[in-house]
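*Asks:* Chain order of the listed sequences is U and R. Under our numbering, the residue at position 194 of the first sequence is numbered 194, and the numbers go up by one with no gaps. Under our numbering, the residue at position 75 of the second sequence is numbered 75, and the numbers go up by one with no gaps.
Careful: at least some of the hints might be erroneous.
[To be verified] Taking CB as the label site, the calculated pair distances span: (1) U/Pro84 to R/Leu36: 31 to 37 Å; (2) R/Met141 to U/Leu54: 38 to 44 Å; (3) R/Arg187 to U/Ala256: 44 to 50 Å.
Note that these hints are calculated values from the structure, not bench results. Quick reminder that beta carbons are idealized off the backbone N, C-alpha and C, glycines included.
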Amino acid sequence: MLFEIILNGLLLGGLYTLMGTGFSLQWGISGIINLAYGGMMVLGGYIAFALHRLINVQPLVSIVPAAVILFFLGLLIYNYLLKPTIKKGSFFVTVIMTFAIELVLENFMLLMWASDYRIITSPYSSIAFNVLGFHLPLIKALIFTLSMLGVFAVYVFMNKTTTGKSIQASALNPAGARFIGINVEKMYMYNFGIGCAIAAVAGALASNINAFSVVLAGGLLGKVFIITILGGLGNIWGAALGGITLGLVESIGTIAVGPEYNEALGLIVMVVVLVFRPRGLIGKKFWDV
Amino acid sequence: MFLDSIKKKSSNTVLLLVLAALLVLPFLLSGYWIRLITTVFMFAVIAKSIDLMMGYLGYVPFGNVVFFGLGAYSAGIGMSHGMPFIVAMLIGVLVSTIICILFGTPVLRLRGHYFAVASIGLNGAIMAIALNATGLTGGAMGIIFPVISLPPDMINKVFYFAMLLLMLLAIGINVIIIRSRIGFAIRSIKSNEDAARSLGVNTTFYKTATWVISASLTSIAGAVYGYWMSYISTVDVFNIMVSVTSILMVLLGGVGTILGPILGAGIFQVLSEVIWSYFLELHSGILGIITILVILFLPRGVLTGLRELFLNRALSKKAVKTNE
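Model the full structure from these sequences, guided by the hints.
*Replies:* Here you go:
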């Protein structure tokens with residue numbers, strides 16, 4: 001029983017890690033609390049859903065087009081809406097701007113797909129196998145593996161490529177980065193786009209196991225907040241720690257106090273962490289404020 | 001100097017005229033308009049209390065709606081146990097104050113956006129508790145207030161004046177605060193918290209005190225709202241949208257100005273109502289687009305924008321005169 005709960009928590013934590021990574025990058029590096037993140041996740045889910053329905057693309061393959069579309073959408077949003085706002089206003093005006101983007105996105109999705117709950121039923125959704133007497137559906141294992149691969153890809157990109165290193169440099173010391181010829185604004189833009197693409201991938205993956213709808217965007221955003229705060233900002237390890245912690249808290253909480261307290265439990269853990277360790281469990285100081 | 005004093009006198013006259021108009025209005029308008037203006041007053045109070053934190057102290061309380069919900073729920077629970085409204089409302093203020101002190105002392109140490117996020121977390125956690133503590137709060141069923149035995153026309157007017165009074169109270173408190181010691185303290189914290197502390201300002205005390213004032217006003221607004229609607233539910237009164245739209249109103253009107261948030265509340269609420277009645281399906285999308293346009297083209301708010309416009313015009317006139 002305990003093994004089952006922990007395994008479930010870890011599997012969930014894998015997806016949460018991916019979810020948190022994108023948000024954490026946007027917040028920690030581009031300095032944007034992206035309130036449209038939940039909406040972007042749902043949009044990713046809808047893209048996968050539409051591709052599966054209309055031209056019968058394999059649901060797990062459709063994460064690629066979803067990521068590409070959201071990446072370019074992210075670039076456009078950053079360039080035409082967020083960049084001018086950052087130049088003119090304070091940090092919180094930017095937050096309100098992303099909220100306005102969320103309103104527009106949600107309204108668009110509502111018009112396109114209505115608020116009914118959808119789910120993608122993939123051809124392999126009924127396959128399952130046994131691990132030490134535990135019933136493990138193949139699709140959950142696949143989603144976990146793909147999430148981990150995604151996080152790993154982001155890690156490699158950020159640490160081994162010139163662009164990735166430039167993005168990190170722009171966050172660490174914008175003036176110094178400019179000095180050595182890095183176009184900091186452009187790096188922030190790429191970083192924001194990558195964050196949006198990760199949101200789309202996470203949303204498209206999640207739509208295979210959970211029914212989704214526009215009305216869930218707010219709840220998803222709440223989860224992403226918890227993951228990011230728990231772990232720490234701008235740091236993939238932080239997102240991983242936060243994601244797995246939240247996955248475990250939720251799966252243990254569901255058994256211990258019932259599923260209706262899931263959201264509250266996560267939030268309470270987040271607030272406790274904020275009070276005692278404002279920068280998150282393993283966040284570094286220099287990302288702060 | 002002379003010109004300034006005339007200007008001040010004339011703006012005072014305008015304010016008095018507006019106030020007189022607001023006192024007469026409910027006797028001229030239909031119920032629909034009275035209710036709309038009452039919601040404007042309510043949002044003005046919430047926006048004013050958010051601006052106290054955001055405009056003067058520099059901390060954005062994204063989750064301030066939690067006190068709105070606490071106020072509404074305290075009033076509802078108290079009244080359904082037979083308390084008079086005023087007592088139930090004061091219990092709400094007390095509960096909000098206690099939560100502010102307990103939670104604010106550690107959390108207000110967090111700078112900038114961490115405080116904003118922590119306050120969102122607080123709202124979510126208390127909302128979930130209210131939703132699940134079915135014995136006390138009725139859970140997802142919500143709370144029904146005792147029926148008010150007045151004709152509906154009278155009810156509209158009573159709540160109109162109640163909210164108007166509350167809004168005037170909020171403005172009064174704002175004016176008193178910025179002229180008092182606490183006002184200087186919180187503005188010094190906004191401009192440089194470390195410097196303020198090193199000069200001996202007890203920053204934690206003043207920050208918590210400001211949040212208590214902001215929370216109390218919001219919770220009274222929540223109590224009056226609950227009594228007015230006569231039914232409340234968690235998704236209704238703990239809705240984070242209330243905070244976010246109020247912040248938007250503050251931005252729209254002008255951050256850190258006395259009348260800005262109120263002007264913003266009026267503009268936003270009326271605009272929202274118009275969009276609601278003409279483009280029901282596109283409502284949130286159009287609101288989003290308007291918000292985007294306001295931020296891009298009027299980033300410092302309507303009031304500040306207008307003031308700058310007039311100031312520039314006055315200055316250029318003066319310049320022309322001196323040239324002559």
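*Asks:* All hints are to be evaluated individually against the structure, with a verdict given for each.
*Replies:* Hints, one by one, checked against the model:
1. The hint said 31 to 37 Å for the Cβ distance between proline 84 of chain U and leucine 36 of chain R, and at roughly 33 Å that hint holds.
2. One distance hint, 38 to 44 Å for the beta-carbon pair methionine 141 of chain R and leucine 54 of chain U, holds here, with the actual separation near 42 Å.
3. As the Cβ distance of arginine 187 of chain R to alanine 256 of chain U is approximately 47 Å, the hint placing it in 44 to 50 Å holds.
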